[in-house]
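> Using the hints, position chain B against chain A.
Single-letter residue listing:
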Amino acid sequence: MTTVLRTGLDVEKVRADFPILSRSVRGRPLVYLDNAATTQKPVSVVEALARYYTDLNANVHRGVHELSELATDAYERARERVRSFLNAAEAREIVFTRNATEGINLVANAFARPRLKPGDEVLISAMEHHSNIVPWQLACGATGARLVVAPITDDGELDLAAFERLIGHRTRLVAVTHMSNALGTITPAREIVRIAHEKGVPVLLDGSQAAYHMRVDVRALDADFYVVTGHKLYGPTGIGALYGRASLLEAMDPFLGGGDMIASVTFERSTWNELPYKFEAGTPHIAGAVGLHAALDYIESIGFERIEEHERALLEYGTALLNGIPGVRIIGTARQKGSILSFVIDGVHPHDIGTIVDREGIAVRTGHHCAQPVMERFGVPATARASLAMYNTAGELDALGHALERVRAMFA
Amino acid sequence: MADLNDLYQEVILDHNRRPRNFHALAGATHSAEGFNPLCGDRLTLYVQIDGDRISDVAFEGSGCAISKASASLMTEAVKGKTLAGARALFEQFHQMVTAAPEQDVEDLGKLCALAGVRQFPVRVKCASLAWHTLKAALSRETKASTE
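Going line by line, the protein sequences match chains A and B. According to my numbering, the first sequence holds residues 426 to 837 in order. According to my numbering, the second sequence holds residues 1379 to 1525 in order.
Keep in mind the hints are simulated off the structure, nothing from the lab. For every residue, glycine included, the Cβ atom is placed at its ideal position computed from N, Cα and C. Take these hints with a grain of salt, some might be off.
Unchecked claim - Computed footprint of chain B on chain A, listed as stretches where at least three residues anywhere in the stretch have a Cβ under 8 Å from a Cβ of chain B:
#1 784 to 792
#2 799 to 808
What the hints assert, rightly or not - Incomplete in silico selection of chain B near chain A, CB under 10 Å:
#3 Asn1383
#4 Tyr1386
#5 Val1389
#6 Asp1419
#7 Glu1438
#8 Cys1442
#9 Lys1459
#10 Arg1501
Stated by the list, open to error - Label pairs and their computed distance ranges (CB to CB):
#11 A:Ile750 x B:Asn1383: 40 to 46 Å
#12 A:Glu494 x B:Pro1499: 35 to 41 Å
#13 B:Cys1490 x A:Asp435: 51 to 57 Å
#14 A:Pro539 x B:Gln1481: 54 to 60 Å
#15 A:Gly433 x B:Pro1479: 47 to 53 Å
Only chain A is shown next, with the shape it has when bound in the complex (with noise of 0.2 Å):
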């Protein structure tokens, strides 16, 4: 028997709109838990980009002719697109980039770098991803400062009065995600940044995972960067935004060098382009930025409120049904979460879960999520892990439930 959720989202309807999802793997109907890693794509995406190539395609901000202002005008939509989504004060305040690495490699090097001194801090979390501990690293490197580290809890979460004191006189940058990869844990973004701003320093949060799975409100979170990437919201790969605010974007010099980015060039110095563009060097991913347009189209269509619902009620039975399976172990338990679980199942490692699920067709991630830290914090060389997304159901959830059980036989 299949369990079925009651929602106010119509799930068959929008798993009609992603064709991929009627495809089998392993002669089983695929089971798409892996939605952390990317998200797949609608229909609409996979069109917009096919139309871009086949309509549109020339150069964006060079040519007078036709086409080169049409796929101008198409990327500049997308960025206005970018902007509505997340709610930014100005369109020049949203960079395009190829991801959310390169959004924070962007402001560790073009914001980080040149104001940091021997002594001076960044503060993370012990929740972050690889790619918002790295570029701090480096950066804190090659300058001399200190990377600190704020501790969570054992069910995940920001222990928010030590992330409070580790902010001290020599801090310059706070960088933190909005929601763990590996935990689900939702932070509370808009009190981070209310404490880091009462002592005048500057926020950066990383909304890979957040911005799926809920409204994102830059102005109302007062973030100074938040940075997005498109493969997880339901667009291609290969694009991405970095918002990040007008005063901040101004005072800062540019990250890459090369076309487009300069307002004009001898050999004896450049001056730079207005924003955005001075952070855009070289031809941009036109294609990639019209396929993201759609892609938040898309999302907008459904809407978070009904997404959020239909997410939370799938998180609420995944939770129950793995709780239920003797020897699984939920890896982060935070009271905010969004529709992620990573769990352990004693005496089996991850990665042999992982091979057996996906005999029947079940795609979930095992490993250490590029989240080493995390899996050191809760004593765990890794886990699985089964994220969820608007398109997922409840009886996709039993079938994990059936091959976990299948796991437990084989192991017992």
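Showing chain B alone in chain A's frame:
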């Protein structure tokens, strides 16, 4: 289609549950650490060499069933072997786990329990980790990696 029972044979499940020679070795003359960055498998291998013969071998660490069972089976297989014999066995083992699934493989005794790994390409590294670590220990490198 590859069957799960080809991979998780009874011998492997048994060696995963009760790994043999699973301890540190006080008299070790050689040792090395093995690490598979993809899945976080880690093991330390201890080898005691007398003359040109492996007189004792043991391991510690954590990993998936395949890597743990492979390490356990390896320690049984190479104990008492000459260095040349152990190296030759490494080559034979490597051929076995990387051969095409339809290809015949040499009879390597109990090690044949790992032949099923061929049908699961992403798991070959798990099965080879202990052997790469042995090779590193014998050549006095201190670290082995499957990358």
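> Okay, which hints does this one fail, numbers in order?
5, 7, 9, 11 and 12
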